[in-house]
Every structure is written in C-alpha cells, then in structure tokens.
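Going line by line, the protein sequences match chains A and B. In this text, residue positions in the first sequence follow the numbering used here: the first is 1, and each later residue adds one. In this text, residue positions in the second sequence follow the numbering used here: the first is 1, and each later residue adds one.
Rather than coming from a laboratory, the hints here were simulated on the basis of the structure. These numbers were taken from a predicted model, which means no experiment stands behind them. Watch out, some of these pointers could steer you wrong.
Claimed, not checked - Label pairs and their computed distance ranges (CB to CB):
{"id": "1", "chain 1": "B", "residue 1": "MET190", "chain 2": "A", "residue 2": "THR69", "range": "50 to 56 Å"}
{"id": "2", "chain 1": "B", "residue 1": "LEU216", "chain 2": "A", "residue 2": "HIS70", "range": "40 to 46 Å"}
{"id": "3", "chain 1": "B", "residue 1": "LEU216", "chain 2": "A", "residue 2": "LEU323", "range": "33 to 39 Å"}
{"id": "4", "chain 1": "B", "residue 1": "THR240", "chain 2": "A", "residue 2": "THR178", "range": "21 to 27 Å"}
{"id": "5", "chain 1": "A", "residue 1": "GLU161", "chain 2": "B", "residue 2": "GLY54", "range": "55 to 61 Å"}
{"id": "6", "chain 1": "A", "residue 1": "ASP243", "chain 2": "B", "residue 2": "THR53", "range": "26 to 32 Å"}
{"id": "7", "chain 1": "B", "residue 1": "ASP21", "chain 2": "A", "residue 2": "LYS216", "range": "45 to 51 Å"}
By construction, the Cβ of each residue, glycine as well, lies at the ideal position given by its N, Cα and C atoms.
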Amino acid sequence: MSVLIYVELDNGSIKKTSLEAVAFGSKVAEKIGEKAVVLAIGHAASAELEKAGNYGASKVLHAADAKLTHENAMAYADVLVQAASQESSKVIILAKSGLGDALAARAAAKLKAGIVSGVTALPEIGDSFQVTRSIFTGKAFATTEIKSDIKILVVRKNAIEIDDSPVSTVQAEITAFTPPLRDEDFQASVSKVEKASSELSLTEAEIIVSGGRGMKGPENWQPLIDLAKALGAATGCSKPVSDLDWRPHHEHIGQTGIKVAPNLYIACGISGAIQHLAGVNGSKCIVVINKDPEAPFFKAADYGIIGDVFEILPKLTEAAKSLK
Amino acid sequence: MKILVCITNVPDTTAKITFTDNDTKLNKAGIPYIIGPYDDYALARGVELKEQTGGSLTVLHVGEADADPQIRKALAIGADDAIRINADPLDSYFTAFQIAQVAKPGTYDLILMGRESIDYNSGVVHGLVGEMLGIASYSPVMKLEITGSTATLSREIDGGKEVLQAPLPLVLGCQEPIAEWKIPNMRGIMTARTKPLQVLEPVALEELTTPQKYTLPTPKGACKMIPASEAGTLIRLLQTEAKVL
Ligand SMILES: Cc1cc2nc3c(=O)[nH]c(=O)nc-3n(C[C@H](O)[C@H](O)[C@H](O)COP(=O)(O)OP(=O)(O)OC[C@H]3O[C@@H](n4cnc5c(N)ncnc54)[C@H](O)[C@@H]3O)c2cc1C
Ligand SMILES: Nc1ncnc2c1ncn2[C@@H]1O[C@H](COP(=O)(O)O)[C@@H](O)[C@H]1O
Chain A
1 MSVLIYVELD NGSIKKTSLE AVAFGSKVAE KIGEKAVVLA IGHAASAELE
51 KAGNYGASKV LHAADAKLTH ENAMAYADVL VQAASQESSK VIILAKSGLG
101 DALAARAAAK LKAGIVSGVT ALPEIGDSFQ VTRSIFTGKA FATTEIKSDI
151 KILVVRKNAI EIDDSPVSTV QAEITAFTPP LRDEDFQASV SKVEKASSEL
201 SLTEAEIIVS GGRGMKGPEN WQPLIDLAKA LGAATGCSKP VSDLDWRPHH
251 EHIGQTGIKV APNLYIACGI SGAIQHLAGV NGSKCIVVIN KDPEAPFFKA
301 ADYGIIGDVF EILPKLTEAA KSLK
Chain B
1 MKILVCITNV PDTTAKITFT DNDTKLNKAG IPYIIGPYDD YALARGVELK
51 EQTGGSLTVL HVGEADADPQ IRKALAIGAD DAIRINADPL DSYFTAFQIA
101 QVAKPGTYDL ILMGRESIDY NSGVVHGLVG EMLGIASYSP VMKLEITGST
151 ATLSREIDGG KEVLQAPLPL VLGCQEPIAE WKIPNMRGIM TARTKPLQVL
201 EPVALEELTT PQKYTLPTPK GACKMIPASE AGTLIRLLQT EAKVL
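The following block holds chain A by itself, in its conformation from the complex (with noise of 0.2 Å):
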C-alpha cells in the first residue's frame, strides 16, 4: 500500500506547490505507516525528479512517454490510476490547480473514490479520516469525512510549511513508468499555445504586487513593475482593471479570476471589494496602498499605507532595492 503523489512538472522542473504535495503526502503516509511515491509526468531530469525525495518520497514513478508531453488531463488520469493500482495506493494527493483538479476528478469517477478540493491541512486520520478545506471562497472552513476506500485529496498552497533544506536523506528511486496510453484520450488537437514564460506564475508566486483602478491607467504600472522587480514578485490586478484592458485577463484576481496565497500580497490602488478578497484570503501577509482612509482593503489587511500609490510606490522599490 502507499500514499501517491502527482507533481506537475514545469519546464522540466517540479513546481513549487506540487514539491509542497509531496512533503504533504509523505506526512500522510508517516501517519498510516505506508511509503510515499512519486508520479510525474512529462520531460524532466532525473536529477529534478530526485528533489521529491527531500520531501520524503521514497520512489518516483516516471511517465514520459512523447505523447504525455502536452497536458491532458484525460490521458494523465489514466496513468494516474494505473500507477495507483500498481503501488496499491490508499491516498491520492494532489497540489491545487486547474490540471490538479480536473485529474484528481477524473482519477475519482475510475476509482470511485471521495474526493475533496481544497484542502487546507494535515488529515486527521483516527477511527475516521477527516480532511479541512476551504469553502465559500476563502470565507469558511468544511472539516469532512472521507468515507470510500480510496480517498483523493487536492491539497492548497501553504496547507504545510516546507523550507528549501532537505528534510530526508533517502535517495528517492526513479523508475520509468510505461503504461499503455488509450487512443481516445488523444482526440483534441492543440492548435495554439500562448505561455509568458519569461513571467512568474501567479499561482506559484511567494510575493504579488497588484494594482487596481487606483492606479489610474495602463500607462502608470511601470512604478509597480519596478516594486515588483525589485521583490522578484509576481504582477496581479483587479477584475475591472483586466476589463479595462489595462492589464492581461490572466492577471485578474478574486473571485472571478484567480485565486491565490502568496505569502505576501501588496495592493496598490485596490479598494477591497469582497469579490476581490475571496482571491487573496489565503495570503499570509497583506499589504495595502489606498489614498482613502476608509477603504475596506484596510481591514483584511496586515499593514497600511494611507496615501497616494505614485508617491509610495518607489519608496517602497528604493527600499527594496537596498536589501539585497
């Protein structure tokens, strides 16, 4: 038996989120007593595949068949479940994402397993398993009971502390994974594949910088590209600031856009519409930029400047820039 654990790869490298799912499934498998093992599919070194054994992995199981290179979660859930009958694996974990979620889905209808999206901590696993996620955009918490035999966890960004120092020595054993692939999973044909590589992905970022209609036009967002430059953050906006175009749809976060948990989250010129908080509640730290006093931003927020974003903005990069 065994707790197994998808990563997604990125560029040939585990992401940030999924090496968290790993020290997260490992905790599980320490906890019912079984070994923790690796799924990842796609072109990656096997010296980045290694890195899942310094979060406790004991085996990686290696699906890089050429046709597993686009993503597809139809054919990924496919392996997916044939490595989890293979390994007899009780516990499926997975990192939230859109890719995450739709195989983690996918994976519960084959096995008919209970699934649970979200999940904000370590299970409690006594006379039964009972999961914490989040609900009602970031307004509430579901403890649940996972009931089925199989159990499917999609796990949220921070639902565990990891810091980059190995926390295992074992050598994680990399073995190549060849299941047979079906040719109905293989119908769609990819016709475009836009991807700003060269920007950090939102979702994985430690540090934000977001702007809103504060900000006053598209033209102003060099001062918040230099904070941000300077912060090795990633650059987020509000919804009416990506209908405005002044910034790209995937920008867009909250309710409607994306949601994420950075561990520090600087709002620039937002006000802090609840549509907007439901994408940022799960940040560690907020901080808010506002000219208005009564800005409802301030009150979710960790620390406040009350003044105007032009005048603060680059005092905030000219500090930032004499840290390092």
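Since the structure of chain A is already known, use the hints to place chain B with the ligands on it.
Okay, now just chain B with the ligands, sitting in the frame of chain A:
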C-alpha cells in the same frame, strides 16, 4: 445541437457566511441567493450557441426547492426547459453522479458548467462528469465556437492559454470572457413561468464524503498603519517582523 447547462444556487458573493446547529449547517436565513457567477457565463454562452445553431438548451440543478427562483431565472434568460434533482448536494461525486444520470451518453452534445461553484467550490464536477460519461472535459474555457461536431476552444493553462479543437460531446467549465452575463427581459420572465421544470428524485448512491463541521477563519488582528512619509520602513518590517521577505 442539444445543450445542457448545469447551474448552482449559491449565496450572493457579498453574503456574510455563518453556521447554525452547532456549526453543522449553513445559516441560510437572510442570505440572497444567485446563480453561480461562472454558471451564469456558461448559461450566457449556451443561449448564444443555441440561437446560432437552432438547438435546444436544458438547465440542470442538483438541489432543493429553494433553488427554483434561480432555475426560473435561467429559463427567463433563454433555457427551454429545466430539470432539478431534488437533493442536498454536499459531495462533488454525488452531484456529478446525479448529473451523469441525466446526461447519459448520447443525450447532449455539449454540457456547459461553470469553472467552479462558489459555495463548496472545488472545480471538480466537470472532470467527474466527463469521466463518468467517458468524454473529454476542459476547464477553464474562455472562448468557445462550435462548427459542425467540432468545438474550438481557448482555455487557460498555467501562465498562459491554449487553443484547441476537440470533437463533441464535451463537458466544459466556463469563465469570462466566454460571454457577457445576460439579464432576463420582460418577455423572457413571462414565458419562463410556463416552461417545463421537471423535478426528479436522486438515484441512490453510497456516501463517499460527509461534511462534519464548519468553522470560520480566525479574525485578522488590527492592521498596522505606517505613515506615508516613512513608507520605506514597511520593507524593513516585512523582513524583520512579518518575515515574508
Ligand atoms: C459577481 C462579481 C464578481 C466579481 N469578481 C471580481 C474579482 O474576481 N476580482 C476583482 O477584483 N473584482 C471583482 N468584482 C468587482 C468588485 O466588486 C469591485 O468592483 C472591484 O474589485 C473594484 O476594483 P478596484 O478596487 O480596482 O477599483 P475601485 O473600487 O474603483 O477602487 C479603486 C481604489 O483605489 C484608490 N485610489 C484611487 N487613486 C489612488 C491613488 N492615487 N493612490 C492610492 N489609492 C488610490 C481608491 O481610494 C479606491 O479604494 C466582482 C464583482 C461581481 C459583482
Ligand atoms: N448542485 C449542482 N447542480 C448543478 N450543477 C452543479 C452543481 N454543483 C456543481 N455544478 C456544476 O459544476 C461546476 C463546478 O462545480 P464545483 O466542482 O463544485 O466547483 C459548477 O460551476 C456547476 O456548473
């Protein structure tokens, strides 16, 4: 083309969430309910595609009778008929299973959903239904065109987007800007009253997950204010006090 749009009935995005019965039930008192915002996008695009292709559109909801006003609204926006599976949908697998019973293979060409529900939101029902029906699912879909029996769609992937062509039938989780939300007009509201709303009992299924207890987040401590003239000191505090830099 036969289109099925699955909608949720959720507390308005601004609603304050509290619980009753020793934190085991959502306190629905005084909460305004809406069609899930993502489902509203799915419905809007569904209506446009139905009009373009001269097909039909059914809305489906798994939930109790308090959802009927939202189902009527979907009918007023342009759905032809509606089905409600009379059950409290607290488990994604259960919900998907009920949807799959209605959407048995061959019944619909296109099943549109929201990217995620905003109550017990998970973003998993489309994948579950897709697998239960043995068809492909994609989410979040931001653009959708249908030509013959092929869908061309643009969806978000991590840090970007991709355009792909896939044969119908498909299950799709939708998000903006796939379409603009539609507001029912007077004629729509009038005709919605007489459009069929069929209520079905759920197909029995053993329970895979059960919610036990709900909790609210611990309230934030007071926000520490830093004078604008000393903005630079914020960075030091973030490093030494908050330890996030
Ligand atoms: C169903 C639904 C879903 C939604 N989903 C989302 C979502 O996902 N994400 C989202 O963001 N919104 C969402 N919204 C919209 C949301 O309700 C707000 O309208 C939006 O977040 C406001 O954006 P804003 O704060 O950028 O703009 P505004 O509300 O206009 O706020 C601008 C702020 O900037 C401040 N300001 C102005 N000038 C300066 C200056 N020079 N220096 C400092 N501060 C300044 C102002 O005091 C003000 O607080 C949704 C709404 C609905 C109904
Ligand atoms: N109770 C329900 N009735 C009908 N459709 C639903 C229900 N729950 C979820 N869905 C659909 O599935 C999508 C994804 O939901 P979820 O996986 O709960 O985030 C929603 O946007 C709806 O389109």
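Consistency of the hints with the structure:
1. For the hinted restraint 50 to 56 Å between B/MET190 and A/THR69, the CB-CB distance of approximately 54 Å keeps it satisfied.
2. In this structure the hint that B/LEU216 and A/HIS70 lie 40 to 46 Å apart at CB holds, the actual value being about 42 Å.
3. The hint said 33 to 39 Å for the Cβ distance between B/LEU216 and A/LEU323, and at roughly 36 Å that hint holds.
4. Taken as a hint, the range 21 to 27 Å is violated for the pair B/THR240 and A/THR178, whose Cβ atoms sit roughly 51 Å apart.
5. The given range of 55 to 61 Å is respected by A/GLU161 and B/GLY54, whose C-beta atoms sit roughly 56 Å from each other.
6. As the Cβ distance of A/ASP243 to B/THR53 is approximately 28 Å, the hint placing it in 26 to 32 Å holds.
7. For the hinted restraint 45 to 51 Å between B/ASP21 and A/LYS216, the CB-CB distance of approximately 48 Å keeps it satisfied.
Hint 4 from the list above is the single one not met by this structure.
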